[in-house]
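Put chain X on the given structure of chain Y with help from the hints.
The lines below spell out each chain.
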Amino acid sequence: MSPRQLLASLATVGLMALFGYGVWAVLGTLQSKANHVVDPVQAQALLALPGTLYVAQDGSLYSLQGLHFSKLNTPPGDWVQVAPAPGGDLLAVSKGNGYSDVYLLGPTGQVIRTLLQESSPSYFANHFAYYPRVSANGQTLFYAWNWIDPYANYNVDFEVLSVPFANPGARATVWSLSNLYYQGGDVEPLPLANGGLIYAKYFNSTSGNGAEYSELAYVTSPGAEPQYLTTPAQNCSEPSLNPQGTEMAMICTNNQLQTSTLEVASWNGSTLGPLTELSPGPMAAMPTWSPNGQSLVFMNVPQRSLPFQLYWIPKAASSKPGAAQQVTQSLALTATSAPVWYP
Amino acid sequence: MAAGTRPRRRRAGLSTHHSSFAWGRHPALLAFLVLVGFAVSGVSGAVAYFLPAVTTALHVTGQKTTGNGGKATHPGAQGTGTPPPPGQPFTVLLLGSDNDTKFSPNHVLTQTMILVRVDPATHHAVMLSIPRDLWVPLSTGGSAKIDAAYSYGGAAAAIQTVENNFNVTVNYWAWIGLGGLVGLVDQLGGVDLISQMPILDVQYPYDLTGGNPYANQRIAILPGPQRLNGVNALTYVRSRHGDILEDIARGQKQQELLVDIKDSAKQMNLADIPRIASALGGEVRTSLSLSQISSVAALARDFSNGDVTQIVMLGNDYTGGTIGGQSVLIPTWPAINSLIAQNFPAG
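Protein sequences appear in the order of chains Y and X. So the first sequence is residues 42 to 384, counted in this note's numbering. So the second sequence is residues 6 to 352, counted in this note's numbering.
Same shape as in the complex, but just chain Y (with noise of 0.2 Å):
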């Protein structure tokens, strides 16, 4: 064999090799991209929406203007649940090994004090602190604790707490009873101009099926009897009221299982109009209006199985809304957090 050919040969046994590396790496390729997830700040939005919205992914908080992400410069930890704080700054709740604790942040993400501090050495005395929301006045932080039943450690069922928001190490006041034995809880606090809140109360069915749902609960002061804006079928929950305070939207699952539908009503400062879906999921999640009210966006999945998207309805206060329109791709976005959405 000539040296000519056994280079040739030798070339040839190396391609085979590279062929097969080729096809091996190929392979790897191949796998399944349904699932692809990036960081918003490699990403683009679909379509560009005024003002400027704030979401989670990942324990990280981001900004969306027009069409692009930014990151918050946060501390290190694991951030989610922004939300609205008074002259442009936000509240977000970082999550911590058995407790979370709520902070004020700037506009880009630095802290400016914390507010509840719910890490504790005494391993019975941590607490969860998720749902921060201010008053219209921004005199007062809402939020959902839970609360440990010294004679039942099971019973740790969250409730809607207020405290001063210029003093939150001030003694909390209890707005809503938690459901004593069993689990459930009241989550999702939204206080109104009127001075009275709504929140979502979680039931467990003491009637032997064990039922879970939720109802929207309207309560004028403190502890009173909470007068109930939804039924069980219904179940609803993740409660926002537009700007001028005549329209809420809302999420429910109307008796079907594992499918959530967004849902919009008129509100007249004491009861609910009919319900309207303006989204039927399958998995809607966290209605946030528009500062003008008209529009709103939330979380949703392309198709069951996927990662949450935010999306936008246009005209949704109105008898003619649009449909919804995906704002997002690619994104995994923390469907447990309501998006903020400033001008």
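Source of the hints: derived by calculation from the structure; they are not laboratory data. Quick caveat: nothing in here was measured; it's all calculated off a predicted structure. Each hint can be trusted.
Some, not all, of what chain X presents toward chain Y, calculated at C-beta under 8 Å:
(1) Val39
(2) Gly42
(3) Phe43
(4) Ala225
(5) Arg232
(6) His246
(7) Asp248
(8) Asp268
(9) Gln272
(10) Asp277
The beta-carbon is built from N, C-alpha and C at its ideal position, and this holds for glycine as well.
Chain X in isolation, oriented as in the chain Y frame:
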């Protein structure tokens, strides 16, 4: 050696008569051999890619139903997991265990027992969660909570005990441990579900990530639609403290998760198998063979969620009691037999 000259030495091995085959005169043969070489190389690449999956699959699938199955007490009870005729309805017993270091690996309880009947002809499936605290005669002798059957006699005893008590024939079984469930969900990219309740538990086992199987941790799964990773999905189906239905509620959530896993698995393809198989490790075992699994997976792809009936036993099906200091559920057999006859017909 002068520059430009070429060595003309012949190497002994290349100068023999037999090796002086003139390839240039046989281009077709040469091309054929080159093609064969590329084909072998390509197949080798594919084998290298799928080898971990095949190795794992061969290790975990097609498991014999071994163990002390004990006595069958009715004609349909085989205790062997015998496959049905092709195209006929079949029943799978899904078993899940807290297999942390509190337990000897070969003697774990099956806190999760879900009987699944699949009818390929009607595209309908029924899932029935069997409460772990149900007090029943075990096929291996004596009476105990039904979750103990597996610890006394492995899959054979679990199957035989279910067959004896529920008058059904179990064709296949599958067992999964804590880590297997976490790995499976993570490899699927997570599952979407709607938590119907805030799940708060201050005495949730800290056994999976905490290093101490007897330690507790405080957990919170918020209510509403959300996407859960493996650890949170396990928390969702495992926490029971404070729920009025306790273990029964856990069964409901486990069934929801199974449906979610089915949905997520629809997004997967053949190239995902090695990654998923390596994540499952030794945390999954089943009597289903590889070919049977692929048939079931193909069948599941065509199932919509409306085709799946989810059943848990409720208050009419048992009464609470205490036996030997243990809190148990004493079966109300007429109600359970009616439930089984309705949803798990023979044949």
